[in-house]
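Which chain is which? The protein sequence lines are A, B, C and D, in order.
Taking our numbering, the leading residue of the first sequence gets 170, the next gets one more, and so forth.
Taking our numbering, the leading residue of the second sequence gets 170, the next gets one more, and so forth.
Taking our numbering, the leading residue of the third sequence gets 170, the next gets one more, and so forth.
Taking our numbering, the leading residue of the fourth sequence gets 170, the next gets one more, and so forth.
Calculated directly from the structure, the hints in this document are not laboratory data.
Take these hints with a grain of salt, some might be off.
Identical chains share a label here; the pair holds if one copy fits it or two copies do between them.
Below are the SDA-like pairs computed for lysine to any residue, each with C-alpha atoms no more than 20 Å apart in a straight line [as the list claims (entries may be wrong)]: (1) K287 <-> S205; (2) K287 <-> A401; (3) K343 <-> N263; (4) K394 <-> L370; (5) K287 <-> P211; (6) K287 <-> R347; (7) K488 <-> G555; (8) K394 <-> Y544; (9) K287 <-> L212; (10) K436 <-> S264; (11) K488 <-> L334; (12) K343 <-> P276; (13) K287 <-> E213; (14) K394 <-> V375; (15) K394 <-> Q376; (16) K436 <-> E277; (17) K488 <-> G552; (18) K488 <-> C542; (19) K343 <-> P223; (20) K343 <-> L444; (21) K343 <-> R283.
Chain residues, written in single-letter form:
Number of protein chains: 4
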Amino acid sequence: MCDLFKDPFAPRLKPMHQSPVRENLTDYFARVRNQSAALCEPLEVEDFGIQSMPDASPIKWHLAHTSWFFETMLLQPYLSDYASFNDAFAHLFNSYYESFGTFHPRPERGLLSRPTVKEVFAYRAHVDAAMGALLAQEDHDNRDDIGMRTVLGLNHEQQHQELMLTDIKHAFFKNPLRPAYRTAAAPAPADSAPSPEWLTLDGGLVQIGHEGAAFAYDNESPRHKAYLTPYALAGAPVTNGEYLAFIEADGYRDPDLWLSDAWATIKSEGWCAPLYWEQRSDGDWWRHTLSGMQPVDLVAPVSHVSFYEAAAFARWRGKRLPTEAEWEHAASQFGREGHFADSGILDPRSLQGDAANHQFFGDVWEWTASPYCEYPGYQRLSGPFGEYNGKFMSSQMVLRGGSCVTPSDHIRPSYRNFFYPQTRWQFSGFRLAEDR
Amino acid sequence: MCDLFKDPFAPRLKPMHQSPVRENLTDYFARVRNQSAALCEPLEVEDFGIQSMPDASPIKWHLAHTSWFFETMLLQPYLSDYASFNDAFAHLFNSYYESFGTFHPRPERGLLSRPTVKEVFAYRAHVDAAMGALLAQEDHDNRDDIGMRTVLGLNHEQQHQELMLTDIKHAFFKNPLRPAYRTAAAPAPADSAPSPEWLTLDGGLVQIGHEGAAFAYDNESPRHKAYLTPYALAGAPVTNGEYLAFIEADGYRDPDLWLSDAWATIKSEGWCAPLYWEQRSDGDWWRHTLSGMQPVDLVAPVSHVSFYEAAAFARWRGKRLPTEAEWEHAASQFGREGHFADSGILDPRSLQGDAANHQFFGDVWEWTASPYCEYPGYQRLSGPFGEYNGKFMSSQMVLRGGSCVTPSDHIRPSYRNFFYPQTRWQFSGFRLAEDR
Amino acid sequence: MCDLFKDPFAPRLKPMHQSPVRENLTDYFARVRNQSAALCEPLEVEDFGIQSMPDASPIKWHLAHTSWFFETMLLQPYLSDYASFNDAFAHLFNSYYESFGTFHPRPERGLLSRPTVKEVFAYRAHVDAAMGALLAQEDHDNRDDIGMRTVLGLNHEQQHQELMLTDIKHAFFKNPLRPAYRTAAAPAPADSAPSPEWLTLDGGLVQIGHEGAAFAYDNESPRHKAYLTPYALAGAPVTNGEYLAFIEADGYRDPDLWLSDAWATIKSEGWCAPLYWEQRSDGDWWRHTLSGMQPVDLVAPVSHVSFYEAAAFARWRGKRLPTEAEWEHAASQFGREGHFADSGILDPRSLQGDAANHQFFGDVWEWTASPYCEYPGYQRLSGPFGEYNGKFMSSQMVLRGGSCVTPSDHIRPSYRNFFYPQTRWQFSGFRLAEDR
Amino acid sequence: MCDLFKDPFAPRLKPMHQSPVRENLTDYFARVRNQSAALCEPLEVEDFGIQSMPDASPIKWHLAHTSWFFETMLLQPYLSDYASFNDAFAHLFNSYYESFGTFHPRPERGLLSRPTVKEVFAYRAHVDAAMGALLAQEDHDNRDDIGMRTVLGLNHEQQHQELMLTDIKHAFFKNPLRPAYRTAAAPAPADSAPSPEWLTLDGGLVQIGHEGAAFAYDNESPRHKAYLTPYALAGAPVTNGEYLAFIEADGYRDPDLWLSDAWATIKSEGWCAPLYWEQRSDGDWWRHTLSGMQPVDLVAPVSHVSFYEAAAFARWRGKRLPTEAEWEHAASQFGREGHFADSGILDPRSLQGDAANHQFFGDVWEWTASPYCEYPGYQRLSGPFGEYNGKFMSSQMVLRGGSCVTPSDHIRPSYRNFFYPQTRWQFSGFRLAEDR
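Could you build the full structure based on these sequences and the hints that come with them?
Written out as structure tokens, the structure reads:
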């Protein structure tokens, strides 16, 4: 059975690689829920409703959907006499759970002017109050399951916190006025690029996958053996400067570098640089960021590239991308020194000094060479929880490590993120690997 | 030369078929501009941003675009030292005028959270103040042209007032919560359907097209001769009750009734009733209206049907649709007794009593059998004004008479509205005709 | 009642504007049917199966469909004991007649390797033999209707003869080898362009539509009055040389010249010249013809342009296109001196000498400014014959005059051809008109 | 370096698991090339040109493309004074090799009536003669490379032989006449389904990938270690009877069984059974086969299912699909007793007796759970050979074992076929696996 359903309490609340703060569940719930609201502070009412493409969702929808999750998974089954805020929300704010009946078509999430922002916050308050009452029932017959589901719901909410930043960035990009989410200036970039060393690893029969009792998603289990031939990894992700050299070497015009699907995509989409890059008439490259348009910072990790572009760059350099097993085996040996959402920078940065030699976490999600599949022995959960991860195991690629918009207590070496190979609106970069 | 550029002042300000109120231009400007704002009173901030399909636009966009029109056509050329509110709006709020450079892609009008609603109203105030200054310059060198363009701009604004109601109705329809624009109950429908008489007309060599000095669009001119064979027109538009009989007679399943393009459309779109109609599980038909979901009123004119449906119904009844010349020749002989936006009903109603025998204006736009073409001798205007009407003269059909959301002083017998034959989100109905 | 069902025999067999050869129906049937086979002589077996786009059909399909028409409209109802050649053909070779049940999807006509070409010719022989037997029954109870339907079927076959040439031209164009249908060289073009005079017409209340007892389609009736204001027509269609000047003046880049739908089309399709034109690296323009690639003949009428291009050219020249009434009223006053399929040239040519001042027939179909609509008093036929013309009366434009691939006895002043405004694979050109 | 470029001669010519016939290269060339022609014997000239969907190609195109391969890879670089048959074929019959310049758009392969079938066979004869001359040059400076490329070209031709049968089956299916490729009756199916045992395997650290000097594609190398947890495999693929039970249990209507992409696909495509299955009005299921329409044989392996359907069936049964490593590790331990193209049956059949307990090869390609990726240490070849396999390594799934239309000397345990998860026109089935 998956870790998700084992011993859910205190141990899950100890974030890995962090100071061992012990929160009780009520505090943990409040902390994460409040963080969602805090992210909305810079926004105007009008900003909450925009869906700039089918992959993205309106901020308002994220706020309501995460509440729907608690209402549906916890309050409906476990809080006696719970009165739903609005019965129609069961349909409106279900994302993709076939188990719970119908859902509003994803591409039409931006067409809902009602409920208003004010009503959505009232919905959140209604759910929070009811969750408070439920969590206070320490002798509830289903206390264990309530704990497990609450922890899952809070991790789910953190995923949506990341998406809120990712999606509002895209929404503002589609507006020619290019609004900035973050009006304070972002910290200045470093003066010079680090020159990280390559890390050499022996491989052999190693173990990967989630270990221990702390929370992890079902797709990280079971921990299992994998055989790795000797390999080396770059100590840090590829930078904007390195990527610009690829652009200037006409990398986007050489079909030999690209996978067949990739070549078709870059031709049909007209891609010639990462998403959000724009070359001005003077030849300079600028990037749309959460702090508005900024010059491309050559020493920072490249982000908003697709798997296709990562793979083409690697081939151009005579290298390859790491597999997820290679990445996890290496990353497990180092600390988490990158920038997360908590830093407030919200833009990838390179590490400096010795940390530049092992920058695995934060800043950019890293595309791996691994399609997103079941681990050996994986059991897809039954019912709605089985829809959380298992049903997406086709045609997507695994990314690792978290990014500058990931909450810092939401990442671990075994964490598997996954997107289609053409996806670019995530803060996605990559590092190089090679055989040894 | 087109009427638009002849003697634009007082005569244009005398709405046809109305009490001869004479307004000065400043009052006329204020009256129409204020009406746009008044239409927004029932709306929440969130409602202003929704674009439910590419044909529709957000309320906010309508408010800004109509202001852009005055800014671009009047303030920029004629008000010295005019400072634009925001230079980026020239791109954002241009609708389709190639003459004025680029414009934001129409299907992406709903992706603009900024400018906010508050900023858009500030933009309107900025333009209104500048227009006030311009209109006050009675000795301006271009006073005639300023007058003409202002009148055009106000008619343009009235067209968008109609679209605001049409578009918000559609936006609310796409929301499963089905919000109502008008919370007060609409007046109760009539108890029984009128049985209007058919009107018989001799035809012969008649004149159609705009006559006189009052304002009219260029596409209504020149007034010209047309030969009509003897014909008859139904005294009123087809009702919901009559249309329901067509549905129940399986009219949507008989290919013999439909034009070839129409049959392909109803099959691909799955149409089996007018837009906004829904049949409940008990068999009753309901309609989404600006007052929310309401039972289908059998005695009211059918609306939200396409030309294709109008033509199929007519063939089913062994009749045809009138040509626009037939319609105009007949309608010119009667007064305007229908319901317009000013009535506040905002839903089609049948007339009662004698008026039911000649209901030509208001309530529903009436599809005619006439494709939208140039009149003999029509001269498309040069420059931006030539883009107003002339460039749409292909593949669209003419509708006549105005609807329940048309301002009452915005209609006349010669008024030519035009939409593609598959269009349904307008308040569009039709009447029957036959040869005599 | 439509002419089609009045007195179908001898009068219909007298082609207009021709020497009054009187054929009996059997000879007429044989002559037209044999002509279809004769058109296939230059083809390889493989050529019969190609469908290069949904609008076009394979040659084999044309041969079978025209036979299906006789089988379905005549042999099945009127020849006792008729045994169908293959029951499956009722589905395979029905074009679009809903009255006759299902039909094979139009875009998939090119996917049918069977029946083979040999089998299709056997099908034709089977139908021809049965038709011979039917036509020989001079005392058949339905002799009148048989005659009418046979004449209709032969006119239908002639339409498909034109399409066979139009479609094979397109099929060969899609092949980079650019095969030639006609291997003999086409006659050399004229040395110099004629300079035709403009024809001035008084207009007034005129009559248009089919007159007399000879065969005509239902859409040409009834003959009716129309009022024309004074106008002038160019004596001949616009030439390639004139059109090239439009290209070189950047006509394809000036949005002011184009209808809104047209501008969207030329941008999405990337049009910058007529269909079949190609500019070589030396700057010279060449055209794909039924005789293979040929230099653009500057003195010949331009062809393979859409209505959109015709209208843009006219606007560029400060003129307009003629209405179909204007065209017919003028053309009725002149003889038919152009080149038809019978000439064997199969490519548009200008007339020389005095005839150049009134070249109305042959060479190129001429786009008019008139959408394809019902004439006043038109009665769409019931049943399958009603599907022949009436159901296409939306969103298409009327063309007049026939082309270089039209059989010469298949045209008349009242003949109305119709295509969508973006259509280009027909031999379509145009002439200019203006108000007087 | 990949096996393809090591010691290409005699060893490669020893098909695995076969009697050790040693052919010289000239005989091998003639044998394979003649087989392509032999496959065409049942076809009419018209059949050679059909392309029923973009994934499929016309028979004529296969015949020409395989010749283009020899012309481009061998004759152009190595046969002095070689005169190409037709220079335009370099463009027309290049499939997807960017290295060799442009190629004709894949979806338009069916629009080429020329070259004719006769000309294509002349092209083949031209190439065969030149290849004969080249292979006779035993002291050619590039003899080794010539040998390697010839062997690759013949394996390439065998892949296209399989596609010829796959594609003509689909082409005939799109024709309502449902022609049969194979007019002789296929051998009767077995009376009863075998009940194969499950095979239990210990796994551990095993080796997979191509071993030895015989020919293999680059994607099968290098041989490498993989760690397998204990597992079990069904001894034979799932049968039609078992699959019918899934259909009858409403498997196609239960979203819980399907991957997210899969559910979207079956809804948009309307799938409710394998490709080629049709349920008649009496409830019986029939299948289109190369011998025409046949009743579904309940005891034969199911074929023409997508990966999506295979995975949903496995989930319904509480099992999973095997990984490619699991499959190869098991299959290597058994002989090849299934039916290949050489059998002439051209339809999947179950094995009987003891062989039914380990039916790994022939009859149906088996979907595995493994996305198509690089093996550890894989080096994509440079230049055109690098386009053969490497550029397709994204978003496709691996299939193993060959099918009833695969030449028997073209398969081996390490052979990796790959298609997108929605592909169904291949003879694709699957077997079940589970953890032990």
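Here is how each hint holds up against the structure:
{"no.": "1", "hint": "K287 <-> S205", "result": "within (15 Å within a copy, 25 Å between copies)"}
{"no.": "2", "hint": "K287 <-> A401", "result": "neither (52 Å within a copy, 56 Å between copies)"}
{"no.": "3", "hint": "K343 <-> N263", "result": "between (26 Å within a copy, 17 Å between copies)"}
{"no.": "4", "hint": "K394 <-> L370", "result": "both (16 Å within a copy, 17 Å between copies)"}
{"no.": "5", "hint": "K287 <-> P211", "result": "both (16 Å within a copy, 16 Å between copies)"}
{"no.": "6", "hint": "K287 <-> R347", "result": "between (25 Å within a copy, 18 Å between copies)"}
{"no.": "7", "hint": "K488 <-> G555", "result": "between (37 Å within a copy, 15 Å between copies)"}
{"no.": "8", "hint": "K394 <-> Y544", "result": "both (10 Å within a copy, 17 Å between copies)"}
{"no.": "9", "hint": "K287 <-> L212", "result": "both (13 Å within a copy, 14 Å between copies)"}
{"no.": "10", "hint": "K436 <-> S264", "result": "between (32 Å within a copy, 18 Å between copies)"}
{"no.": "11", "hint": "K488 <-> L334", "result": "neither (32 Å within a copy, 39 Å between copies)"}
{"no.": "12", "hint": "K343 <-> P276", "result": "both (16 Å within a copy, 12 Å between copies)"}
{"no.": "13", "hint": "K287 <-> E213", "result": "both (12 Å within a copy, 10 Å between copies)"}
{"no.": "14", "hint": "K394 <-> V375", "result": "both (6 Å within a copy, 13 Å between copies)"}
{"no.": "15", "hint": "K394 <-> Q376", "result": "both (4 Å within a copy, 15 Å between copies)"}
{"no.": "16", "hint": "K436 <-> E277", "result": "between (28 Å within a copy, 19 Å between copies)"}
{"no.": "17", "hint": "K488 <-> G552", "result": "between (42 Å within a copy, 17 Å between copies)"}
{"no.": "18", "hint": "K488 <-> C542", "result": "between (24 Å within a copy, 15 Å between copies)"}
{"no.": "19", "hint": "K343 <-> P223", "result": "both (13 Å within a copy, 16 Å between copies)"}
{"no.": "20", "hint": "K343 <-> L444", "result": "within (12 Å within a copy, 31 Å between copies)"}
{"no.": "21", "hint": "K343 <-> R283", "result": "between (23 Å within a copy, 11 Å between copies)"}
Going down the numbered hints, you'll see the structure goes against 2 and 11, while the others check out.
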